[in-house]
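Student: Sequence:
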Amino acid sequence: MQNVFKMDGYTLHIIPSKKFKDITIHINFKAPLTKESAALRAVLAFVMTSATKKYPTNALLSSYLDDLYGASLGANVSTKGQSHIISLRTTAVNQEFLPVNDDLLEKQIDLLNEVLFTPLVNHQSFDQDLVEIKKKEIIARIQQGLDDKMNYSIDQLYHYMGMNTPIDISAIGEKEDVEKIKGEDVFQAYLSMLQNDDKHVYIVGDIDEHVVESFKNNLHFEAHIQEHPVIYDFTSDKDEVLEIIEKQEITQAKLNLGYTLKTDFKDDDTEAMSIFVDMLGGYSQSRLFLNVREKNSLCYYITASYDPFNSIMVIASGIETKHYQKARELIDEEIENFRNGHFSDDELVMAKQMVVSSLTKAYDSSSYLISLAYNRDLVHKKQSIQDYINKINAVSREDIIRCAKQIKLDTVYLLTGKDPYGKDILSDN
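According to the working numbering, the sequence shown is numbered sequentially starting from 34.
Just so you know, not all the hints are guaranteed correct.
[Unchecked claim] Capping the alpha-carbon separation at 35 Å, the derived lysine-lysine pairs in DSBU-like fashion look like this:
no.	residue 1	residue 2
1	K328	K271
2	K39	K295
3	K414	K328
4	K441	K140
[Claimed, not checked] Each pair of labels, with its calculated beta carbon distance range:
no.	residue 1	residue 2	range
5	M196	S158	48 to 56 Å
6	N329	F38	50 to 58 Å
7	S111	K295	22 to 30 Å
8	D420	E209	43 to 51 Å
9	K87	H156	16 to 24 Å
10	Q157	I277	26 to 34 Å
11	V133	G42	30 to 38 Å
12	K249	K295	22 to 30 Å
13	I277	Q386	34 to 42 Å
The hints are simulated quantities; they were obtained by calculation from the structure and are not laboratory data. Beta carbons: idealized from backbone N, C-alpha and C, even for Gly.
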């Protein structure tokens, strides 16, 4: 269970664990999600963790990390509902396991201070050469996502399902927005992050509450936090199911379906919804995998996933285009089976066991522990991992049926190949 402390401009979360020989610190910055700011904040995150005033090149910064017994420093960006998250993270060996007294925790916090408060900035602009390097890396990631047709097809589903809403915004932004970013723009995003973002600091390791003093003495932010909601309960204004067919030079078609729900992360039914989605298509013994893929050989892969921060469910599959209609029918049939209670107690038990096993493994990963804790903290849930496990185990047949009845198909997206002879590639003939 985490211990929580209100500090100067941020909330400190201490998660003691004797499983780890290192100490991991994450600083999470949360801001409202917009298309333009996502690109800026992505560049900012990766620039900040590549160089500082004291270590003005990546080589010098890497050398210093090596001096800290192989410590690591990195950044990640993500979206949750209507929020954009920058996560700065550092990991270093616990001082207790060193043969000499080197005060590594203090040096970890000092490093974060260096990254946060003395970045590589001149005349209110981040170093433009470094900014250009990071822009190229982000644009390469964007292009990689376009080239990966599985990833691309899911992004397209989100686009058509929720155009001009948070579910249509990438955590790293769009190419055209990244390309026009200047060092001055990144500096303004940096100031906004320090002044306005909701800030949470997580520390995991074999530690106790004495570390609070280290943070109290060494890490401070101005307390100008602007609260904003995280959950985005996506609601559709479509009168009927939207069907989109896109053709490219590909050999394996991608069929993705987006559903609206009435359950988000803060609702009591969120655990039941997680179990239902897993039973439907979350693992290798799920209904969709066994009946659509294995029994009827209609797809190469098929999965179902639940996004509790946006209140949506997505079914993603790879198919032969000629099986499009049949695959749709079988997917609808399996959902209807759950609505009518046509599933066994063994299926329910197995899905619970899979989720509980995954949660239990969280104790073996400091980053996973932080991720679970942060998700709960974002919606002010006072729930330990064991509390979560207890709620999973309490899910009943009636809960599953209720969840299945509330999902509604909103958008169907098919990415298919171009037929060189002009035949109807959606035909079974």
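Student: Indicate, hint by hint, whether the structure satisfies it.
Tutor: Consistency of the hints with the structure:
no. : hint                    : in the structure
1   : K328 / K271             : 34 Å, holds
2   : K39 / K295              : 33 Å, holds
3   : K414 / K328             : 41 Å, violated
4   : K441 / K140             : 52 Å, violated
5   : M196 / S158: 48 to 56 Å : 34 Å, violated
6   : N329 / F38: 50 to 58 Å  : 55 Å, holds
7   : S111 / K295: 22 to 30 Å : 24 Å, holds
8   : D420 / E209: 43 to 51 Å : 45 Å, holds
9   : K87 / H156: 16 to 24 Å  : 18 Å, holds
10  : Q157 / I277: 26 to 34 Å : 44 Å, violated
11  : V133 / G42: 30 to 38 Å  : 34 Å, holds
12  : K249 / K295: 22 to 30 Å : 43 Å, violated
13  : I277 / Q386: 34 to 42 Å : 37 Å, holds
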